[in-house]
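Undergrad: Spelled out, the chains give:
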Amino acid sequence: MEPLGRQEAAMTTQQVIATQQTQVVATEQTQVLGRALLSPAVVLLFIWMIVPLAMTIYFSTLHYTLMDSENWSFVGLENFRYFLTDPAFLTSLQNTLVLVGSVLAITILLGTPLALLLDQPVIGRSVVRLMVIAPFFVMPTVSALVWKNLLMHPVSGLFAWIANLFGLTPIDWFNDAPMLAVILIVAWQWLPFATLILLTALQSQDEEQKEAAEMDGASALSTFIYLTLPHLARPITVVVLIETIFLLTVFAEIFVTTGGGPGLQTTNIAFLIYSQALIQFDVGNASAGGLVAVVIANIVAFFLVRIIGRNLEV
Amino acid sequence: MARKVTSRHVWMSTAAAWLFGFLIFLPILWMFLASFKSELDAFAMPPKFLFFHWTTENYATVQQRSDYVHHALNSIIIAGGSTLIAMLIAVPAAWSMAFSPTKRTKDVLLWMLSTKMMPPVGVLVPIYLVYRDFGLLDSRAGLVLILCLGNLPIVIWMLFTYFKEIPKDILEAARMDGATIGRELVYVLTPMAIPGLASTLLLNFILAWNEAFWTLNLSTLEAAPLTVFIASYSSPEGLFWAKLSAASTLAIAPIIILGWFTQRQLVRGLTFGAVK
Amino acid sequence: MGQITLQGVRKSFGPVNIIKDANLDIENGSFVVFVGPSGCGKTTLLRLIAGLEDVTGGQILIDGRNVVDVPPAKRGLSMVFQSYALYPHMSVRGNIAFGLKMAGLPRPEINRKVEAAAATLNLTPYLDRKPRELSGGQRQRVAIGRAIVREPKAFLFDEPLSNLDAALRVQMRLEVTKLQKQLATTAVYVTHDQVEAMTMADKIVVLNAGRIEQYGSPLELYEHPANLFVAGFIGSPKMNFVPGEVAGEAGVAIIGIRPEHLKIGKDGDGWPGRVSVAEHLGSDTFLYVEGGKLGTLTVRYVGELSLRAGDRVWLTPDPARMHRFNKEGSVIRTS
Numbered sequence: 001m002e003p004l005g006r007q008e009a010a011m012t013t014q015q016v017i018a019t020q021q022t023q024v025v026a027t028e029q030t031q032v033l034g035r036a037l038l039s040p041a042v043v044l045l046f047i048w049m050i051v052p053l054a055m056t057i058y059f060s061t062l063h064y065t066l067m068d069s070e071n072w073s074f075v076g077l078e079n080f081r082y083f084l085t086d087p088a089f090l091t092s093l094q095n096t097l098v099l100v101g102s103v104l105a106i107t108i109l110l111g112t113p114l115a116l117l118l119d120q121p122v123i124g125r126s127v128v129r130l131m132v133i134a135p136f137f138v139m140p141t142v143s144a145l146v147w148k149n150l151l152m153h154p155v156s157g158l159f160a161w162i163a164n165l166f167g168l169t170p171i172d173w174f175n176d177a178p179m180l181a182v183i184l185i186v187a188w189q190w191l192p193f194a195t196l197i198l199l200t201a202l203q204s205q206d207e208e209q210k211e212a213a214e215m216d217g218a219s220a221l222s223t224f225i226y227l228t229l230p231h232l233a234r235p236i237t238v239v240v241l242i243e244t245i246f247l248l249t250v251f252a253e254i255f256v257t258t259g260g261g262p263g264l265q266t267t268n269i270a271f272l273i274y275s276q277a278l279i280q281f282d283v284g285n286a287s288a289g290g291l292v293a294v295v296i297a298n299i300v301a302f303f304l305v306r307i308i309g310r311n312l313e314v
Numbered sequence: 315m316a317r318k319v320t321s322r323h324v325w326m327s328t329a330a331a332w333l334f335g336f337l338i339f340l341p342i343l344w345m346f347l348a349s350f351k352s353e354l355d356a357f358a359m360p361p362k363f364l365f366f367h368w369t370t371e372n373y374a375t376v377q378q379r380s381d382y383v384h385h386a387l388n389s390i391i392i393a394g395g396s397t398l399i400a401m402l403i404a405v406p407a408a409w410s411m412a413f414s415p416t417k418r419t420k421d422v423l424l425w426m427l428s429t430k431m432m433p434p435v436g437v438l439v440p441i442y443l444v445y446r447d448f449g450l451l452d453s454r455a456g457l458v459l460i461l462c463l464g465n466l467p468i469v470i471w472m473l474f475t476y477f478k479e480i481p482k483d484i485l486e487a488a489r490m491d492g493a494t495i496g497r498e499l500v501y502v503l504t505p506m507a508i509p510g511l512a513s514t515l516l517l518n519f520i521l522a523w524n525e526a527f528w529t530l531n532l533s534t535l536e537a538a539p540l541t542v543f544i545a546s547y548s549s550p551e552g553l554f555w556a557k558l559s560a561a562s563t564l565a566i567a568p569i570i571i572l573g574w575f576t577q578r579q580l581v582r583g584l585t586f587g588a589v590k
Numbered sequence: 591m592g593q594i595t596l597q598g599v600r601k602s603f604g605p606v607n608i609i610k611d612a613n614l615d616i617e618n619g620s621f622v623v624f625v626g627p628s629g630c631g632k633t634t635l636l637r638l639i640a641g642l643e644d645v646t647g648g649q650i651l652i653d654g655r656n657v658v659d660v661p662p663a664k665r666g667l668s669m670v671f672q673s674y675a676l677y678p679h680m681s682v683r684g685n686i687a688f689g690l691k692m693a694g695l696p697r698p699e700i701n702r703k704v705e706a707a708a709a710t711l712n713l714t715p716y717l718d719r720k721p722r723e724l725s726g727g728q729r730q731r732v733a734i735g736r737a738i739v740r741e742p743k744a745f746l747f748d749e750p751l752s753n754l755d756a757a758l759r760v761q762m763r764l765e766v767t768k769l770q771k772q773l774a775t776t777a778v779y780v781t782h783d784q785v786e787a788m789t790m791a792d793k794i795v796v797l798n799a800g801r802i803e804q805y806g807s808p809l810e811l812y813e814h815p816a817n818l819f820v821a822g823f824i825g826s827p828k829m830n831f832v833p834g835e836v837a838g839e840a841g842v843a844i845i846g847i848r849p850e851h852l853k854i855g856k857d858g859d860g861w862p863g864r865v866s867v868a869e870h871l872g873s874d875t876f877l878y879v880e881g882g883k884l885g886t887l888t889v890r891y892v893g894e895l896s897l898r899a900g901d902r903v904w905l906t907p908d909p910a911r912m913h914r915f916n917k918e919g920s921v922i923r924t925s
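Residue numbers (my numbering), protein chains in the order written: chain A, 1 to 314; chain B, 315 to 590; chain C, 591 to 925.
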């Protein structure tokens, strides 16, 4: 019905794009208003981002401790050299990576089957959903303390009782496997997040596509491998990136359970910087460490912002 | 969802889902039960599941310690205040980006998001020093300010995605019907945005309520919210599990219930729209 | 009164010119349809008249007054949107009344007008329902009700029927036309469907790539298309174009002949061809004929014709109904 030559068609595409912009470009009056309404947020966030960061950079070049705040001096990159070569840094970097990596692995590997399960016809699914999502809303200090005492206590904890039931020696979690204990607590908190996002993604999967695969003779397993997994690839990436950003700075769980110990066994970078700043009062060194943390987080954020930006329609 | 399923399939997946759901919920349930036990029962080995002497004395104890109410009040003020202020700044900003976007709107949005990605520990030192010098340490105002700024990007994003869903046609129809921008806001936009505003408010209240980096580092007593209050149980003397459980239950119960209402917004809010 | 005049109206977004110099005179009380392929600028032109977009250049006169700097609400026009754009949180009554409320009319008068509009559109039983509780056709009526209740100088319709199913579309088409005649209010109607354009319009504006190709009554466009674009766009099935040798013999670049103006002749008489597809509708028979160097020709025969794929046919064009075009695609007027 639409007799379009090639040239006309090309013209049309261009104009369709332009018409879409029509929806976007409002009249002049609303544009001025728009800018006025946007600026408070922009200014505030700009200050919030720039001022502390600039101060961190400045402090990171100083020899400056709160114990002796009269005597400070410019030391260049000395703090960075000190921080990066400090054995505590390497240990805490390793701990950070172990913590992030393990929690990611647990939440994805458990979250995916759990999401698949919740996507099945389940009687009382909404109740199960509520139970699964609940840990996310528990404040970190509560979950850490409840796990540490009520569950992981080597004598009276629920886990000790279960171990005894099977004739095993209960684990003294916070002495023998403190890192594993922290990992389990944090993974429990983040499992709901991964599950919920993967479930949301599963529910957006095209039902007819699955039926077409069924008509094509695909088994449930091959449907999962060839349709569902590729469909989940992006949500999984998003889960990984977002969790990483939060997990890099896990703090409260360590603060109330192990205090970074025994020794440095559960000290991650966030906790190391905290202890340098507010326990040892070494402002310069903590600032250098803070910048290292910013750099690491930015590497992750770079990929995340790209993913989000790609499907952002303005 | 009109796929045929066998009843065996339904029963198996139901059983498995309830089992896993129960296991995940178990720590919360266990804590809830412990809050009704005597300290001795809470500590008992083998554990007492349902057949123990139920008592509410832990709640009474926690309630009597006036500092619990004090900290709960701090939590309400800090979470509520920071959320409300963030909303006041975010509503106009999100409105502007959704309904009067420019070529740079996308960049502005992504930049706002990137401020949320900055690890708080990276700026702990200057914030701590500035707060110390301005007397904001252990003050509610200080915590309100920092949680407000921290959550602002999420608030703006959530509101933006909600506003974005309001068809532009409807606003234009209102304009054709003779509504000024002010009346358009009052009669058309706000009623349509209320569900979105409510869930944004709720989710950010929850995030602020549970925030445990700045609250632990910037408050000790006067302004300390429940996160800090609960943390004080980390090295107590004597038997305390039942009281810890009661205090914890009080601290998380309202939030879990609110959280159940916001589970869908959670996906939208925390993934910044990257998962639909 | 509702006389709308466009004088040299232009609209561009950056370097892209969406509307290039539009001049148009829409008479009071007439039903004018903007038609054209998607992206031709017809919706933009409507939105310029509505005031939802700013013009880049030119003037828009409503009853002789230039309105380019007048906000939409003050132009005295009302619009029916493609998506209906009903206020989801208001009842049908609230939707229809909104414009009157904004205008500050007293409550009894609003009620009277809303009820009158609802009665006209058979919406009375639904006045207290929310839009989501209505069917597509009912929503459409509410959108129209919202437009008529304000007694505007002109109605603007932006593809209002495109979200309805085929049967309902035909019915609403009739209703809109009847309503417009009854109210005798100017209507500007945008569609990409040339059947809608032909059936509803007093006058049609054919737009292509931001340019007004032709402005005239439906029959004028059908009988005397000004150029290849209009010839190809108006009429269904679409006009056959024969370029090359045959056209050259007639001394023109392209010959156009509508399917209904090709006669199926006796053996050996006229253009030879072979039927590739025959569609039997009972009332009509459509033949797609491979005509060798003529290309594929579409033939419409009123009634049933028992030809099938593979049959040889001879086609004779009605010479009086042939359209001749020059190299630029403009029609060559013979008389």
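Check each hint, because a few of them may be wrong.
Here are the computed lysine-lysine pairs in the DSSO-like style, where the Cα-Cα straight-line distance is at most 27 Å [unchecked claim]: (1) B:LYS482 x C:LYS828; (2) C:LYS768 x B:LYS417; (3) B:LYS482 x C:LYS771; (4) B:LYS478 x C:LYS703; (5) C:LYS691 x B:LYS482; (6) C:LYS743 x C:LYS703; (7) C:LYS793 x C:LYS828; (8) C:LYS703 x B:LYS417; (9) C:LYS793 x C:LYS743; (10) C:LYS691 x C:LYS610; (11) C:LYS720 x B:LYS482.
FYI, nobody ran anything at the bench for these hints, they're computed from the structure. Fair warning: this is a prediction, and the values are worked out from it, not measured in the lab.
Undergrad: Run every hint past the structure and note whether it holds.
TA: Hint-by-hint comparison with the structure:
1. B:LYS482 x C:LYS828: Distance of about 36 Å is beyond 27 Å: violated.
2. C:LYS768 x B:LYS417: Not satisfied, since the Cα-Cα distance of roughly 45 Å exceeds 27 Å.
3. B:LYS482 x C:LYS771: Roughly 31 Å separates the two Cα atoms, so the pair is violated.
4. B:LYS478 x C:LYS703: Status violated; Cα separation ~34 Å.
5. C:LYS691 x B:LYS482: holds (21 Å)
6. C:LYS743 x C:LYS703: holds (17 Å)
7. C:LYS793 x C:LYS828: Holds, at roughly 20 Å.
8. C:LYS703 x B:LYS417: Violated: C:LYS703 and B:LYS417 sit about 44 Å apart, past 27 Å.
9. C:LYS793 x C:LYS743: holds (18 Å)
10. C:LYS691 x C:LYS610: violated (38 Å)
11. C:LYS720 x B:LYS482: holds (19 Å)
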